[in-house]
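Since the structure of chain A is already known, use the hints to place chains B, C and D on it.
There are 4 protein chains.
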Amino acid sequence: MATLIKGGTVVSSTGASPAEVLIDGERIAAVLQPASDIAAAAEGGAEVVDATGRLVVPGGVDVHTHMSLPFGGTFASDDFETGTRAAAWGGTTTIIDFATQTYGENVRACFDARLAEAEGNCAIDYGMHMILGGVDDDALAEMDPLVDEGVTSFKLFMAYPGVLYSDDGLILRAMQQAAGNGGLIMMHAENGLAIDVLAAQAFERGETAPVNHGYVRRKELESEATHRAIQLAKVGAAPLYIVHLSAAEALEQVALARDAGMNVFAETCPQYLHFSLEEHLDRPGFEGAAYVCSTPIRSREEGHQNALWKGLRTNDLAVVSTDHCPFCMKEQKELGLGDFRAIPNGIGGVEHRMDLIFQGVVTGEIGLARWVELCATTPARMMGMYPRKGIIAAGSDADVVIYDPEHRWTISVDNHHMNIDHSAYEGVEVTGHVDTVISRGRKIVDNGQYLGRAGDGQYLPRGLCQYLQ
Amino acid sequence: MATLIKGGTVVSSTGASPAEVLIDGERIAAVLQPASDIAAAAEGGAEVVDATGRLVVPGGVDVHTHMSLPFGGTFASDDFETGTRAAAWGGTTTIIDFATQTYGENVRACFDARLAEAEGNCAIDYGMHMILGGVDDDALAEMDPLVDEGVTSFKLFMAYPGVLYSDDGLILRAMQQAAGNGGLIMMHAENGLAIDVLAAQAFERGETAPVNHGYVRRKELESEATHRAIQLAKVGAAPLYIVHLSAAEALEQVALARDAGMNVFAETCPQYLHFSLEEHLDRPGFEGAAYVCSTPIRSREEGHQNALWKGLRTNDLAVVSTDHCPFCMKEQKELGLGDFRAIPNGIGGVEHRMDLIFQGVVTGEIGLARWVELCATTPARMMGMYPRKGIIAAGSDADVVIYDPEHRWTISVDNHHMNIDHSAYEGVEVTGHVDTVISRGRKIVDNGQYLGRAGDGQYLPRGLCQYLQ
Amino acid sequence: MATLIKGGTVVSSTGASPAEVLIDGERIAAVLQPASDIAAAAEGGAEVVDATGRLVVPGGVDVHTHMSLPFGGTFASDDFETGTRAAAWGGTTTIIDFATQTYGENVRACFDARLAEAEGNCAIDYGMHMILGGVDDDALAEMDPLVDEGVTSFKLFMAYPGVLYSDDGLILRAMQQAAGNGGLIMMHAENGLAIDVLAAQAFERGETAPVNHGYVRRKELESEATHRAIQLAKVGAAPLYIVHLSAAEALEQVALARDAGMNVFAETCPQYLHFSLEEHLDRPGFEGAAYVCSTPIRSREEGHQNALWKGLRTNDLAVVSTDHCPFCMKEQKELGLGDFRAIPNGIGGVEHRMDLIFQGVVTGEIGLARWVELCATTPARMMGMYPRKGIIAAGSDADVVIYDPEHRWTISVDNHHMNIDHSAYEGVEVTGHVDTVISRGRKIVDNGQYLGRAGDGQYLPRGLCQYLQ
Amino acid sequence: MATLIKGGTVVSSTGASPAEVLIDGERIAAVLQPASDIAAAAEGGAEVVDATGRLVVPGGVDVHTHMSLPFGGTFASDDFETGTRAAAWGGTTTIIDFATQTYGENVRACFDARLAEAEGNCAIDYGMHMILGGVDDDALAEMDPLVDEGVTSFKLFMAYPGVLYSDDGLILRAMQQAAGNGGLIMMHAENGLAIDVLAAQAFERGETAPVNHGYVRRKELESEATHRAIQLAKVGAAPLYIVHLSAAEALEQVALARDAGMNVFAETCPQYLHFSLEEHLDRPGFEGAAYVCSTPIRSREEGHQNALWKGLRTNDLAVVSTDHCPFCMKEQKELGLGDFRAIPNGIGGVEHRMDLIFQGVVTGEIGLARWVELCATTPARMMGMYPRKGIIAAGSDADVVIYDPEHRWTISVDNHHMNIDHSAYEGVEVTGHVDTVISRGRKIVDNGQYLGRAGDGQYLPRGLCQYLQ
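Residue numbers (this note's numbering), protein chains in the order written: chain A, 14 to 482; chain B, 14 to 482; chain C, 14 to 482; chain D, 14 to 482.
If we strip away everything but chain A, and leave its shape as in the complex, we get:
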């Protein structure tokens, strides 16, 4: 039986207007003019969902999550089951997570193992990026067939020497390979070698509190790495996607590259927009540990947050993802009591992205169409999943969120659904609420109930980035 969502305002990346959405099976069968003959006809025989006073938006697409990520001797506390369920609660119907290869490992074996880890556990559809932590001839050779099979993006690290770090020669080689197969190079752009020197020196000086994580990961070392990645991408002729950009100076480098017409893109995350070094990372005692992530939360006094909102408007920041990577305070973040370097890096946020970015609409930082563009349409186009994902259109997957733009509530560990013992966003008041989530035609969240189940989500082979020029 078909479903007709009527009475709402359908929002796309270019605007908002009243329309009715007819879902048939897993797909959107039609978008209809309200009160038209055909809309009236469609109503017969369909379950009608009343969206009066609501926004009807494409399901969110979060292209950067780390379920169960191993980090510093522990694992991110959300696995595919808990993490994707939390995502669903927050209006996200697609994630892309990462398979990781480290030095000496076989890329394909790592990918297969990771895929098996996800299979049957996800509440929503999911894709995979491939992390290359040990670029060598074998690893490069594995890239091409992966692209053919729908793994079209590869992440490299300029940070974390000795762990996932690639030096510039390895980066260049991977970029050259991507230039050939059309893959997108995703880059963690921080100068890890320099950061590690500063971190060790701070520790030796007895500066062990969480806030030092922010002090030593200097903005110059993010913008330097961003510039370097861009130049290597120029030499390697590969498209480049900078992940979790947080420094205004790094944004400038991206803007310059984009002005020059390069295939350079960047994302930021809600935590960089909402938190600051002064107010969060520098909280007394060990409280700041909750805000330890890399790139770090930056100073509001220096204006990074404003710069990032500006970047979201100028499209130099094209995507908002979460870099969801939750660690409990207890036994996880606490590993870094006495040494900020040992605090697992990461913040849990997969559930709150749609709401947090909607606050930019509420405060006037962005418009309604840009909200949908940043959180759904562009991520889908960037990662080769459009128009199946990222839009409400005839023929697209019926991933639909019915959103109440007026509902006010407060985020808390008591009402979130992520598997963490705290919320970095504890006490944050938001306007806007996910009422109903439909994933490939099925309601999985509705009326405060979770109706989905592990295994609902399918693996998504992806095409190439759709912004390449």
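Hints are computed from structural coordinates only; laboratory data are not their basis. Hints are supplied without guarantee of correctness; some may be wrong.
The list treats identical chains as one, so a pair stands whether inside a single copy or across any two.
In silico lysine to aspartate or glutamate, DMTMM-like type, Cα no more than 20 Å apart, as pairs [unchecked claim]:
#1 K247 x D209
#2 K343 x E300
#3 K247 x E315
#4 K456 x E220
#5 K247 x E378
#6 K456 x E118
#7 K343 x D434
#8 K343 x E314
For chains B, C and D alone, kept in the frame of chain A given last:
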């Protein structure tokens, strides 16, 4: 009786996919998944238009035309009737033309007279910008009610001293007024005072040929004026739209302003992408006169054409319009035989925009979605007409073009429909052809026949620019 | 009888070292190694001046003064006699003032009249720039012979419409003429047309206090004009010298032009380094009137002062001059009681430049060599007077200042020698003091006594700017 | 007995004027006004050197030479004896060469050994930089005492992985140490990791000719490393001196840093100004090997040579040194027959710097004063040797060159004095000739004769860079 366009690929500003379009009356009633139950149902009782192998795109929106413009003692040779008919032939279903006030005239009276000139004569829908050629207290006072009534953009000139020129103080005052009423300031950004000095000197040196028009209107004098307009817009807090940008250096100024998050936008025109000073403006004898327009056609050796294509990709150029302003060689362009300064400025092109920009798709300069975005969606959003215009969506005006992407043909004065005695594009081979044009639900071009009539087009009061931040 | 200055540290634009200076007549006969045979020989028969513990520096060169300038119905309160005497007290031994032509006047006649005004009245040597307030064919024709005779710099105004303002066409014509004769175009770079609009609006809103002078002369309107002047200079192929630069944003424009290798230079003045809008121009009541000058004193919170010191280090600011233009509070500044627009623009400072810039040495903003370079060597080279002026070298004019770098004192109307009823610098404590001033071989200030007399100073015909490339 | 140089034009970094120079012992006793009483007196008892029609300039200071440098299994063919003698022939009276520490070696021991190698062998005075090829705790600890003893500059390599390469962490640590002791960090700024990948790939593709050296050392990889070095210097708070800059894009990075007021400096070398990839490195057969040096000779079509001349004018390039590092074709350059990677990197030029840069005066690229500034005054100030070196002034070392600005001749292996079997400059015609060279008061070249001897030159402990701010 409804119309169902089936078999085609519907193109939006974000991508292309197979879909069916149901038109009921003047509006699009639905966009439908092919082969869905509802599509099958819609087919019953509808005229079916077969678009197999064709692109189904929103009707073009050309926001810069000058029907019957007086210039140097003559008038642009297309009037509203001939010009809008030619536009229709080329797949453009909306234009915005200009009403002009000059020094000492009453703004409202000028507007009313111009509207009367258009009424009943247009083949397609049309809006109006207001040219302020004589900013004073009265003129400023007239801006607010015009905005309320749907005239939401005001053009000023930094060129043409003694004619339409406004000095920086007047510009600032108009910008301040626009800041208050939300209007968009459109700017002809060339330093006319300096250009006129150079032009007079060239003439005195006996350099009278058409190409001198290009030499004296130096790129530095376009980029200077662009920078100045941007700074005045910053002081005046007004949104700014640079018309007919042609110099790479001016583009750089726009890019800088946009990187800074300013409400600064720019358009270019097909002539600046396809023609060059060396190949066209510098043609022997008086032939180059056909390419005299302002800003001028620029040097290919200096790379302006490539820079403009790049700007179309980076969105520093957001719109392609035509600045349609045709003058016959005979008795019109010829006024400047012996003095390039007396050649009426303008090129006729309203008919060819969709095809010419489609050549960028053919050669890989831009993608299909960007073609639609530049020629329809963004112009509509920029000028406050979206979603009524600029998109194929349920509830929008049924302005639809069925486009054959494979058809190859050659532009000529013999097959164009503009009222000029020559074609600047004579002999240009293009791939892509407008097969059918539907305007508010009625076929006005089909199968090589013009089916519309003068008066089909309605005047469009407009809302504010939808990109303001 | 010769004079031998011994025991001191001679400072040049490249460094400082112990040396003895032998003066014979009006020239420096030799610079000698202390304790050398030749120095011992030179001592015989020479008056020995003991400079132990003192710096021996070239006499200051102030290339921007306005003795007796008419402004808004009154005249700058220092004439050539009082002004040059005050300059001498402050260690300045050369000034360049301005002759002014206004619209319709004959350039040469204006120049001759102004030269006559100075003749016989100056305590120190002086040159003349020519202000062109009414560019026309006659004025342009007069430029070439003036250059030949040693008036090698011409000032134009982008501010003060209706008074000295030139529009862009006139500016371009003057630049073209300068390109031919080698003259330097000096520019008052503020967008006067826009400023006058803002000023009138402020007045109409009842914002009449002196600080409004600073608010309406916005930094964007200085940087805009600076950019425009640079572009016109590019088109006109003329060298350009921006006078009294005060906005960080204007400095950026100069830096960009200089990076590109253009013949673009700029000066700032002590008042822009030492004063701020918040602390001085915004003083209560009418006190701020003492700080009304154009370009205006700018905000410290916005960082202009720091930016200017940086510019002095980077050489994007190559010269420090005073723009000396004193007006008494009584009967002069008071003309603007109730209307900031009527306050005569100007600050008296010709006496304090060497001391005020030396404070940059004291605080570490610049080094000793740079002090001499900014205040003497570069001004002399910029304005075609080197090596006669601006250096202590064999054969140069014996213009020498013996400077005590340790002496601390406080500037006051009670101890200055300018003809004003107040001091803008009242109460400013400085370290460093002019002990002795020698002008063309004669001591004119020594031991707290003024030993010179009106008429000591000679008119200096000048060569071309020595930085042209 | 004293020496009086009369009749000549003394050139300084600020200008040129007739003056006489009295030398007494090793120092300049006086600079005298021609025809003054004291000049006449000085003439008695002095040997008079007639410099009529000649320029009298400070002895050249070449701060970048590599005598006997080991490279790829061979050694630079000039040792301290032959190399400094050749320098003297070319009017250079001071060099700074390098001591080299490699990984695991003791810095001080390396320095002492290198000093011993030079001692007693040099024709002219010499200083030493210290190359740190193996930064570790010991090496860092050795920096401070070296600075105290006059080794105030330390060179690091971002190129040559596995040989002299330091990674970014090591660079940062060395910079931090320099920030503490005032030393200047000299940087070979090329991304060697990326270059080595490209070089290996080219070799594997069979691209083995010398020109490939230029192709793989891409300009982006020089500008990237330059940007990175600047950012690390910002983090490390150290002054930075970029050696042998050759890419226009690297120059842009330096210009940006300097505009921002950073202590960032750069040198270029004559080979980058005079040679090009097209005309020299790409010569047929193995001829191009003579032009293999790093950074590489770059493309004239891309405009690097013009950009470098511009940089010399804007002072973004402050110094011209030679990077003198000669290798014979026979048995040395030939090591790279069949593999461009094995060609020893270096060009011999210590003898020709003064003449080659003087060609910029001849062609109008720079002025006479700038020639002296680039080749003598600034190098001496940059490296802490001024005013002992780099200027003709009372008390300075009597290092003087008498230069004939009109003499035309042709460079050839047949007339040069460097120990190489070819000249990269073979056949280059120059205007200007070193007639006489005086080093600390003694003529060492005169009238086509070499009058000096090994051991004349003294080691020069140096002070800190004099441009620090």
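Taking the hints in turn, this is what the structure says about them:
When the C-alpha separation of K247 and D209 is checked against a cutoff of 20 Å, the pair qualifies only between copies, where the shortest distance is 17 Å, while the shortest distance within a copy is 27 Å. Within a single copy, K343 and E300 get their C-alpha atoms as close as 12 Å, which meets the 20 Å cut-off; across copies the closest is 63 Å, which misses it. With identical chains, the CA atoms of K247 and E315 are at most 20 Å apart between copies only, with a shortest distance of 17 Å across copies and 30 Å within one. In this assembly of identical chains, the alpha carbons of K456 and E220 never lie at most 20 Å apart, being 50 Å within a copy and 61 Å across copies at closest.
For a Cα distance limit of 20 Å, the shortest separation of K247 from E378 across copies, 18 Å, qualifies, whereas the shortest one inside one copy, 32 Å, does not. In this homomeric assembly, K456 and E118 never come within 20 Å of each other (Cα to Cα): the closest approach is 40 Å inside a single copy and 63 Å across copies. Proximity of K343 to D434 under the C-alpha cut-off of 20 Å is restricted to the intra-copy arrangement: shortest distance 8 Å within a copy versus 73 Å between copies. Proximity of K343 and E314 under a CA criterion of 20 Å is satisfied in neither setting, with 31 Å inside one chain copy and 45 Å between copies.
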